[in-house]
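Residue-level listing of the chains:
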Amino acid sequence: MLKMQNISKVYRTDLIETYALREFDLEVNEGEFIAVTGPSGSGKTTFLNIAGLLETFDHGEYSLDGENVSQLNDYQRSRLRNEKVGFIFQSFNLIPDLDLFDNVDVPLRYRRMSGRARKQAIEGMLEMVGLASRKNYLPSQLSGGQQQRVAIARALAGKPRFLLADEPTGNLDSLMARQVMDLLESINEQGTTIVMVTHDHELARRADRNIQILDGQVSDLASIYQARTERIAAGE
Amino acid sequence: MEFRPILSALMRNKAGALLIALQIAITLAVVTNALYILKQRQTHINRPTGIEATADAFVIYTRVFRNDINIEQLVDDDLLKIRALADLQAVTPIQSVPVSGGGWGEDFYLSQDQSSDQSVGFGNFMVNQDGVEALGLDLIEGRNFSTEEITFRSPVETVYPRIVLISKPLANALFPDGDALGQLVYDELNSPHPTRIIGIYENMPNAWPNATMFENSALMPQISASNDVRYWIRAKPGRRDQLMTEVEQLLGLDRNRIILGNRTFEEVKARTYRNDIAMVKLLSGVVALLTMVTAMGIIGLAWFSVTQRRKQIGTRRALGAHKMDILRYFMIENWLITSAGLAIGIVLTLALNYFLDTNFQTGRLVWYYIPVGMLFLWLLGQLAVLAPARKAANTDPALATRSV
Ligand SMILES: Nc1ncnc2c1ncn2[C@@H]1O[C@H](COP(=O)(O)OP(=O)(O)O)[C@@H](O)[C@H]1O
Ligand SMILES: [Mg+2]
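In the order they appear, the protein sequences are chains B and G.
Per this note's numbering, the first sequence starts with residue 1, numbered consecutively.
Per this note's numbering, the second sequence starts with residue 1001, numbered consecutively.
None of these hints come from the bench; they were simulated from the model.
Note that beta-carbon positions come from the ideal geometry of N, C-alpha and C, so glycine has one too.
Derived PhoX-like pairs: lysine-lysine, alpha-carbon spacing no greater than 25 Å straight-line:
hint, chain 1, residue 1, chain 2, residue 2
1, G, LYS1323, B, LYS84
2, B, LYS159, B, LYS119
3, B, LYS135, G, LYS1014
Label pairs and their calculated CB-CB ranges:
hint, chain 1, residue 1, chain 2, residue 2, range
4, G, MET1331, B, PRO96, 17 to 25 Å
5, B, LYS119, G, ASP1396, 25 to 33 Å
6, B, ASN29, G, SER1008, 38 to 46 Å
Here chain G is said to cover these stretches of chain B; the calculated rule only asks that three of the stretch's residues, wherever they fall, bring their Cβ under 8 Å from a Cβ of chain G:
hint, region
7, 43-52
8, 77-88
9, 94-104
I would like the entire structure built from these sequences, with the hints used as guidance.
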């Protein structure tokens, strides 16, 4: 589904070069639910941005769903984002001036879907996240957990194969965080591949696989840890 | 295609948009009305004069201050000397100047009959046989004066000469059937002195641009024997300014008179129309300024809203918006604001026009000024919003995850 080999990403300013990712290797399989952890500044968001085609990289190879994306232009990248990737953000990123219906509509319009198909998809998604009755509310009229559920509805409305979430529960209390996590799990069960960055180890443990990023690389410690979780999960 | 959500987002952020819409409404009202008035003034200023020599002619005003001078002799001498100048095309004495604002008004009566007082007013211009050429008039019927027909007219004389050339508009006013040539007209009721129309020229306005009879003029084969001696002089093409200096020096040698002034015909017109010209400049300035201020307002608002919505734009990019989609968003938003402004603007325009017409008799606005003005403001809006919209389109999609 996602395959990164030897990816490097450097941020250059006049004074300094920051290697946000260095020789980064990762493979994510179709249908997996991966939790990414790591200290602040280690490169988690950079990884997600590159994975979701929000940012380009300096070295290495990246193929998404079998397609090599290093040579794509801005137009093609936007289209791939729209068709294959769904995003969930820590601060929800709902558009404050649009009601829930129109918020979920945003990616669908960029796909030039017909009005009828859009309406059906939007109402179906709002139904799924339990907010169908509030489709004409503004984001500011909702709690954080509800807002994140709308954001999830928006991310999934276009039926992406791949869902990227950057600390989706970072701004939620633990009850709401668990509800969002439940939702993500059920989405994953229906076949969507999920990569989620989180600080919450309890939530991370619920994922299929844990990856730790340290200094812009997948840390070996993480693989050891992961191997252990897998053993525990297998009941050994 | 994405009108509705843009409109609903706009309706939730009305304040700034409303201000700009109002500004656009006012701009439409002021610009269309100003341009309309401006156009009227310009038409007024640029009415055809029929004077072909406009760019080559000037008038020199002199006054003889000794009473024992023989004016007839002096004029003959002047004409001889001026005719000897190489830059000269033609010269004629003249007692009043077309479009100058001041001249001789007279009336022609149509019959001797005491019971009929039908008369038509006109501006009287006394010239010699070279007047037609010096002014550059288009003689369309009849003939010009001959040298022998030119007489001197003393300042106290009121009787018209026996022959006259008149403008086509005056001919039509006197004889609507179009048979003016050869007809007789009279200087007063019961006059024993008929004057025959021997020629008709296409057009030459009289001295009063605001008179309804502006195009009624007549040339009389006379030279005024007064102490005010004036010449209308036409230079060879392009030689006007040189000839002006030459003539001034030439006449200045005469110790018995002073030169009161020396003015090109273009200056004469500019002085007469100075209020209209000032109005045209003022209105042009108002139009330019208002257009600029409105464009700046649009740019300012768009820039502000782009800056304010950076995260939202990044999010839209993350959700799959192409750069074009973002550009289009701001163009459509601007189009909606402008359209709302223009809708209010039409009402304002008509109201302002009604006010100006009832209070200052400016006339009713010609309808097409409104659609043309609207088109102009639509275009202005789209142009003004282009730079901010392009900045928005270039927003980094990573802002979706990076900004707080
Ligand atoms: N736009 C940027 N310019 C310069 N440095 C950046 C930029 N974005 C991220 N970085 C740096 O890259 C490193 C990785 O950042 P990030 O991927 O956001 O980490 P995380 O999400 O794990 O906290 C950090 O050192 C951060 O300061
Ligand atoms: Mg981060």
